[in-house]
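Trainee: Sequence:
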Amino acid sequence: MLVMAYGRSYDLPYVITRGNNVYGPHQFPEKAIPKFIMLAKRGLQIPLHGDGMATRSYMHVADAANAFDSILHHGEDRGVYNIGAQEERTVRSVAEDICKELKLNADNVVTYVKDRQFNDRRYFIDCSKLLSLGWKQEKSWEDGLRETIAWYEKNGENDYWGNLSSALVAHPTGGHVTASPNVFDEIAGSTAEGKAEGAVEANKPVFLVYGRTGWIGGMLGRLLEEQGHKYYYGAARLYDRKAVEDDIARCKPTHILNAAGITGRPNVDWCESHKKETIQTNVTGMLTLVDLADKNGIHVTNFATGCIYSYDEKHPIGGPGFTEDDPPNFGGSFYSHTKGMVEDLLKNYDNVLQLRLRMPIDNRLDNPRNFIFKIANYDCVVNVPNSMTVLDELVPYAIDGALRKLSGVYNFTNPGAISHNEVLQLYKDYCSPNYTWKNFSLEEQDKILAAPRSNNELCDKKIKSAWPQILDIKESLIKYVFEPNKQRGGKVRGGAKGEC
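Heads up: the sequence shown begins at 384 in the working numbering, then just goes up one per residue.
Take the hints with a grain of salt, since some may be wrong.
As the list claims (entries may be wrong) - Calculated pairs, EDC-like style, for lysine to aspartate or glutamate (alpha carbon to alpha carbon, straight line, at most 16 Å):
#: 1; residue 1: Lys845; residue 2: Asp674
#: 2; residue 1: Lys512; residue 2: Asp460
#: 3; residue 1: Lys869; residue 2: Asp749
#: 4; residue 1: Lys424; residue 2: Glu470
#: 5; residue 1: Lys845; residue 2: Asp855
#: 6; residue 1: Lys844; residue 2: Asp629
#: 7; residue 1: Lys821; residue 2: Asp783
#: 8; residue 1: Lys613; residue 2: Asp783
#: 9; residue 1: Lys811; residue 2: Glu827
#: 10; residue 1: Lys512; residue 2: Asp452
#: 11; residue 1: Lys522; residue 2: Glu459
#: 12; residue 1: Lys613; residue 2: Asp460
#: 13; residue 1: Lys788; residue 2: Glu858
#: 14; residue 1: Lys483; residue 2: Asp526
#: 15; residue 1: Lys862; residue 2: Glu826
#: 16; residue 1: Lys658; residue 2: Asp629
#: 17; residue 1: Lys845; residue 2: Glu470
#: 18; residue 1: Lys844; residue 2: Asp446
#: 19; residue 1: Lys697; residue 2: Asp709
#: 20; residue 1: Lys635; residue 2: Asp677
#: 21; residue 1: Lys844; residue 2: Asp708
#: 22; residue 1: Lys821; residue 2: Glu805
#: 23; residue 1: Lys486; residue 2: Asp452
#: 24; residue 1: Lys847; residue 2: Glu530
#: 25; residue 1: Lys845; residue 2: Asp677
#: 26; residue 1: Lys486; residue 2: Glu470
#: 27; residue 1: Lys512; residue 2: Asp434
#: 28; residue 1: Lys857; residue 2: Asp775
#: 29; residue 1: Lys730; residue 2: Glu707
#: 30; residue 1: Lys519; residue 2: Glu608
#: 31; residue 1: Lys811; residue 2: Glu866
#: 32; residue 1: Lys845; residue 2: Asp629
#: 33; residue 1: Lys857; residue 2: Glu805
#: 34; residue 1: Lys862; residue 2: Asp783
#: 35; residue 1: Lys424; residue 2: Asp509
#: 36; residue 1: Lys678; residue 2: Asp709
#: 37; residue 1: Lys625; residue 2: Asp695
#: 38; residue 1: Lys613; residue 2: Glu459
#: 39; residue 1: Lys844; residue 2: Asp509
#: 40; residue 1: Lys587; residue 2: Asp708
Hints in this document: simulated from the structure, not taken from any laboratory.
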């Protein structure tokens, strides 16, 4: 602000750059990456602040220098440019990558200490203005980290900086650098003290999961188990406030993952004749859960739906997708009506991450809830492009979003849209060469349904900002669904005929 003020007051030229989390050789070891390297290679413990799940986007110093050069030669006078990497990673994952490169077991090396005050959970900047100058990130994380570790293995001892005891502690406060032959002995003692001080206050995540017998709830349990997280399944019906309170008291969670809800069996038409049950779970239950979580300081990730929109004049097929801020325009089914209502109410809570799924798919082709299973067994299908969710790719992102304590609404679908015919053609190409199907119109479909269906494409800008590595829908289907089933001979079994 001061630079801008002087520039405007005295008509001075200036360029402002905003960068963060640069790493590489020669960096003073007060910073996380060199500190972690120097401690780990000496067999000392790496202290992580809080639960270690703060998220950063790390850029190699060579890319940062190239960015400055691009801005200097091609940037505009009085321009402001963000400089940042396009990949995000948790501090815990950085420590794990360093341990892996040094052939150490991170579980034995990493320890958790008291979080530092005012520690940002996440900051991620938009660098599109810099990218428009022709700059791009060249150094991969793997190569940059490997080169950085090699440099510190060669140079990171006393003879380069002197006594680092004030820098390598868990919570450095600065200080004069003096020579000391026993620096690592000093750090070993201070790290042990930091561990003892922070052991009680360490904030490892504890998950409470609702939806144990459901499709996504089961996936969440398996993933949390694989990732080594502590978790419990809730026993309460969500509309039973006392039972939910008991679950929270019993499990003491830091995070709640809610995959419980009524969608109807075999499809959402069930909700048309069971409106009271639908309201109890999808509206009353959800509001009860979030309200209790808010009172107890617990983050909630809720698996919601994107079936609250339908193509219209502003959002035609092939046009712009519906954003997270667009008001719902589809209430043709009672299910969609309740979901749109509760999503709007939950926006008033700042502890909630709402993930809008659509037409979910996983790699189990024999799963009756799988969108591919459904349409492959229909006598006839419509052919409309839609946003869809490949669960094998995106459910792990849900856990990541919970750990990062993201909040607000996210269109939780793979980028792009794909039609029913395109999905079935992929199934035919990869799994069942003799498979055939028939199409019919939306008007013909409406005649046999109790309630209309939502067809739409959701905007993918926000999800790509949070998870830049996400694959578009066709690539994700091939990688996570069709290739694995091709290798194991997976096919859709019969049993759902006549539900088109």
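Trainee: None of the hints should be skipped; say for each whether it holds.
Mentor: Taking the hints in turn, this is what the structure says about them:
1. Lys845 <-> Asp674: Outside the cut-off at roughly 26 Å; violated.
2. Lys512 <-> Asp460: Given that 16 Å is the threshold and the Cα spacing comes to 14 Å, the pair holds.
3. Lys869 <-> Asp749: 14 Å, holds
4. Lys424 <-> Glu470: With Cα atoms ~26 Å apart, Lys424 and Glu470 exceed 16 Å; violated.
5. Lys845 <-> Asp855: 14 Å, holds
6. Lys844 <-> Asp629: With a Cα-Cα distance of about 39 Å, the restraint between Lys844 and Asp629 is violated, given a limit of 16 Å.
7. Lys821 <-> Asp783: 40 Å, violated
8. Lys613 <-> Asp783: The given pair, whose Cα atoms are some 15 Å apart, holds under the 16 Å limit.
9. Lys811 <-> Glu827: 25 Å, violated
10. Lys512 <-> Asp452: 15 Å, holds
11. Lys522 <-> Glu459: 26 Å, violated
12. Lys613 <-> Asp460: The given pair, whose Cα atoms are some 52 Å apart, is violated under the 16 Å limit.
13. Lys788 <-> Glu858: 28 Å, violated
14. Lys483 <-> Asp526: 14 Å, holds
15. Lys862 <-> Glu826: It is violated: about 34 Å lies between the C-alpha atoms, which goes past 16 Å.
16. Lys658 <-> Asp629: Violated: Lys658 and Asp629 sit about 27 Å apart, past 16 Å.
17. Lys845 <-> Glu470: Roughly 14 Å between the alpha carbons, so the hint for Lys845 and Glu470 holds.
18. Lys844 <-> Asp446: Roughly 25 Å separates the two Cα atoms, so the pair is violated.
19. Lys697 <-> Asp709: Status holds; Cα separation ~11 Å.
20. Lys635 <-> Asp677: Measuring from Cα to Cα gives roughly 13 Å; hence the hint holds.
21. Lys844 <-> Asp708: 12 Å, holds
22. Lys821 <-> Glu805: At roughly 13 Å apart (the allowed maximum being 16 Å), Glu805 and Lys821 satisfy the hint.
23. Lys486 <-> Asp452: Violated. Lys486 to Asp452 sits at ~36 Å, over the 16 Å cutoff.
24. Lys847 <-> Glu530: 29 Å, violated
25. Lys845 <-> Asp677: Violated - the C-alpha atoms of Asp677 and Lys845 are around 24 Å apart, more than 16 Å.
26. Lys486 <-> Glu470: 24 Å, violated
27. Lys512 <-> Asp434: 34 Å, violated
28. Lys857 <-> Asp775: 14 Å, holds
29. Lys730 <-> Glu707: Roughly 11 Å between the alpha carbons, so the hint for Lys730 and Glu707 holds.
30. Lys519 <-> Glu608: With a Cα-Cα distance of about 38 Å, the restraint between Lys519 and Glu608 is violated, given a limit of 16 Å.
31. Lys811 <-> Glu866: 12 Å, holds
32. Lys845 <-> Asp629: Not satisfied, since the Cα-Cα distance of roughly 36 Å exceeds 16 Å.
33. Lys857 <-> Glu805: 9 Å, holds
34. Lys862 <-> Asp783: Cα-Cα ~20 Å, so violated.
35. Lys424 <-> Asp509: 35 Å, violated
36. Lys678 <-> Asp709: 29 Å, violated
37. Lys625 <-> Asp695: 43 Å, violated
38. Lys613 <-> Glu459: Violated, because 51 Å separates the two Cα atoms, which is more than 16 Å.
39. Lys844 <-> Asp509: 12 Å, holds
40. Lys587 <-> Asp708: Not satisfied, since the Cα-Cα distance of roughly 33 Å exceeds 16 Å.
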